[in-house]
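Okay, here's what each chain looks like letter by letter:
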Amino acid sequence: METFDVIRQGGLEQLIFCSDEAVGLKAVVAIHNTRLGPAIGGVRMLDYRSQDEVLHDAIDLAQEMTMRAALADCDLGGGAAIIWGAPESKSEALFRSFGRTIQRLGGQFLATMEVGTDSRDLRHIRRETGYVYALPEAFGGIADPTEMTAQGVMHGILATAKVVFGKAGLDGVTCLVQGAGRLGSNLVKLLAAAKAKLLITDRNYDKIKNIQDAYPDITMVRPEEVKTTRCDILVPCALGNLVDRNGVERLRCKVIAGGASNIFPDVETGDLVHKAGIIYTPHVVIDAGELIQADHELKNLSKTLLERAVAEIYARTVTLLETAREAKEAPLRTAMRLAWDRLTAIGRIGQRHSLLEAPR
Amino acid sequence: MSGEKTFRLLVINPGSTSTKLGIFENETCVCEKTLRHSATELEKYDKVWDQYEFRKKEIVAFLVGAGYDLATFHAVVGRGGLLRPMESGTYRVDQHMISDLRIGYQGQHASNLGGVLAYGIGWDYSLPSYIVDPVAVDEFEPISRFSGMADIPRLSTFHALNIRAVARKAAKDMGKRLDELNLIVAHLGGGITVAALRKGRVIEVNHGMSEGPFSPERAGAVPVLPLVDLCFSGKYDKKTIVRKLVGGGGLVGYLGTNNVSEVESMVKAGNSKARLVLEAMSYQIAVEIGARAVALYGKIDAIILTGGIANVRMVTSWIEERVAFLGKVLRYPGEDELGALAQGGLRVLRGEEVAKIYDAQKKSIGIYFSDSLPEYDRAVQNIESRLKEAGFRFRQPEENLEIVIRNCHGDPAKMHEVIGEFLARKLDLIIAIGSPAATAAKTHLKKRDVPVVCVACFDPVVMGLASSYAGSGNNIAGSSYRVEVAQQIATALEPLVPDLKRLGVVCKSGELQSEIQLDEVREVAARQGFEVTVFDVRTPADLAAAAIHFATQKVQAVFLPADTVSAVADEAALAPVVRSFPTLCALELVIQRGGLAGRIADWDDLCRRGAGLAIEILEGKPPGTLPIYRNPAARTVINPATAKTLGLKLPPAFLESATPVEPLAGTRESAA
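For the protein sequence lines, the chains are A and B, in the order given.
With the numbering used here, letter number 35 in the first sequence gets 35, and the count goes up by one each step, no holes.
With the numbering used here, letter number 398 in the second sequence gets 1398, and the count goes up by one each step, no holes.
These aren't lab readings, by the way, just hints derived from the structure by calculation.
Don't take each hint at face value.
Derived lysine-lysine pairs resembling BS3-like cross-links, with alpha carbons at most 30 Å apart [to be verified]:
#1 Lys1414(B) / Lys1446(B)
#2 Lys189(A) / Lys1057(B)
#3 Lys1044(B) / Lys90(A)
The whole structure should be built from the sequences, with the hints applied where relevant.
Shown next as structure tokens:
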């Protein structure tokens, strides 16, 4: 497909390619929508098989971020950055080179962490540009972004349990956490504290072992058994499609609520899940903790206000699920509609958000 | 063999300072590597368990460096660790096993890493992970568990992996299956264990650390009282004593070396002390082999010497001289733990064996009772039925509960033996059915680690099992069938013998519950103004004399209390009494066997309630906090045939309230 067709089909405002052979940098920055504010997005680093896959993921992530920001009441737009390469090939020079690219965009794109990058990598980027947000407190942020995301997802799960099971709290509710990375392991702590009955899976045993050493009663589930394991709430926190159209009927959960992106290949699969009687709480509603942190940092707001804003995810989730129930549609459809409503309304104002001053 | 599928296995055998790896293509080891870990590398970790990630990285790095792609393997096999006692065989590693390895169920040891390393690598590469014949293999029979000291049951801890691998190899060389043979296998290494294998099962073996012959560095069995004196002499701390027994014992203690070849050279050079010590070790090994021959009733197909010392001809010839009369002696020198582990994995991959499931999550309970009685039969049925209702599955392939049932056939010694067996098996819970079993529980099980439920006993508080009805305050819970004697007399005797002047009472003096009921009768007699004639019995045969005595004393009725005489008396033994007098019976089975009437607790209800207590305990409730169940729905039971025999006219009001006794059912003879 021609590059301009990719931009058009993805609804992007801009697609920026960057290359620095000297340090092995190949990257793209996708800016999807800036009606609400400058595009914010994670910097993902993965070894994709093809350029098409890179662009596909960049567009998906950027579109999701637009929705996430719109639903989270943030003054931010949606974007995404992808560094194409194996995380093992990371170097200071590579990230600093990428940092200069972001700096050249003059505030149109604000970077945060994503899969494949960590706070150490983002610190290298920040040596070249100030457009880096939601770093841990030790590195100048106002909170630990992973913790904020986990708290947000937890509020979303609690709200979903309230709406779906009519239950305040998670005591005795079976939760299967898929993915024992940063978000998954943080969520395990919160779910265990809430006395949920916990199951966990990850493709990498060492991550699970660390969790099981800390929580001996947790049950381990083989990655290939996730879909067929009976549980109340499936909490996706890992990369990749969780279920395709053919796999919906194998699902044995009552609710899906987690922080993983792209768990369905398309919206129609989400509809099928809904028809199967499984409530999917859209991740873009509940995994906005890191985004909200970035929004608060941009506005120089305190950690207390940040935590309060993250806690609002509970009420937002309840409203969304009840609205969806009344409209007799999948919550994902409702979320998309509400996000679009806000984008349209603010878009009518007719004045594009001014770019931020470049903080150095 | 051409066309045979080639399985590639990674075998991991962690030691304290190294990790041995083997890559096998079927039985052939195509790569063997010992990864040595320096003290500096290991001292960073507080516990052996924490070395997991370090060792795994080393293993994966070696494999990658050697050009192996783990995705091309078929299984990972690790050395099993100090797990719960288990049958021999190949086990699939699962998270329950990992949990026990983490806590070190029987202690911390580098071998505990074998299972988790196999599991971790298997998980990452979607390969099955196994352990084979860990040192925790335990196939002892009850009789082997007695040490002679009730507090210390004997445990099965030995060189299971090599002993079983060598036994399999020998069986193959003899052209037989292992389960067709009786073998004695002596593993002669740094530690020495001598096992008796009956049809493939290790039914007797000396503990590798604390029993049997002395070895190159272990003391083996030592005179106990002098050891106690040494322990309390104030000269040594525990660590030093243990070091004298393990590591610093045996040849090290006598000769300062654990190298048997070196000792052999000393002997050849004319060192008489070295000769005496080495010959003594060989002598003790031969004596141990002789003991195993006894365990097998002398029916021995072969005696096998294996392990590193089996290479030392001087030692093996001394042993052979003494044991050759028992049977043929075969030598399989050395040991091949990596090969044995690989073979265990291969047997499963080839479908020759099914990988066993480690049953840490499976609960196990023991049920015992004193004798073959229909009541006990019904009790077992009720308990099992209640457990099934609670979701427990037993005696089926995917069971989550193992139930061991033991009938003691009226033998108090057998009851003691059964309790010893239950303790040694580390069961999750013991159920004692009936009063005799509860009495034994009081003597042998009270205040022990294991929870005990005394189902349908006379009265746990009166019997001293529990401190109060609100909860025993100890490891015992239970249900009581006791119905107060005053209630029994008022409801089941007075309506039939309205003008009672003299009541005969059969009593087994010395039996607590029998004496308590007699006291109760006397209290009622004092209140109501009738006399009591007591006849002391020891066995059911004494009931005939009791009947004569009661006749001479002109009693109008006889009370047969709930005790061990009434419980086991059959119809013939009871006949002289029950056919001559109206009888008030505290046990329903006595009425079934010809007694007249009684006020009887609902036995089925008692047993199901008792099982309910067991379920609560299995689910985590402390037994001492559970109230004693003692309010059974009692009912009045009458035997109309006996009433007819005695020529009694039953009052209509009584007939309305009484239940005719049910016929006698068969007894549980099948329970071993």
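Comparing the hints with the structure gives:
1. Lys1414(B) / Lys1446(B): 18 Å, holds
2. Lys189(A) / Lys1057(B): Judged against 30 Å, a Cα distance of about 27 Å means the pair holds.
3. Lys1044(B) / Lys90(A): Within the cut-off at roughly 28 Å; holds.
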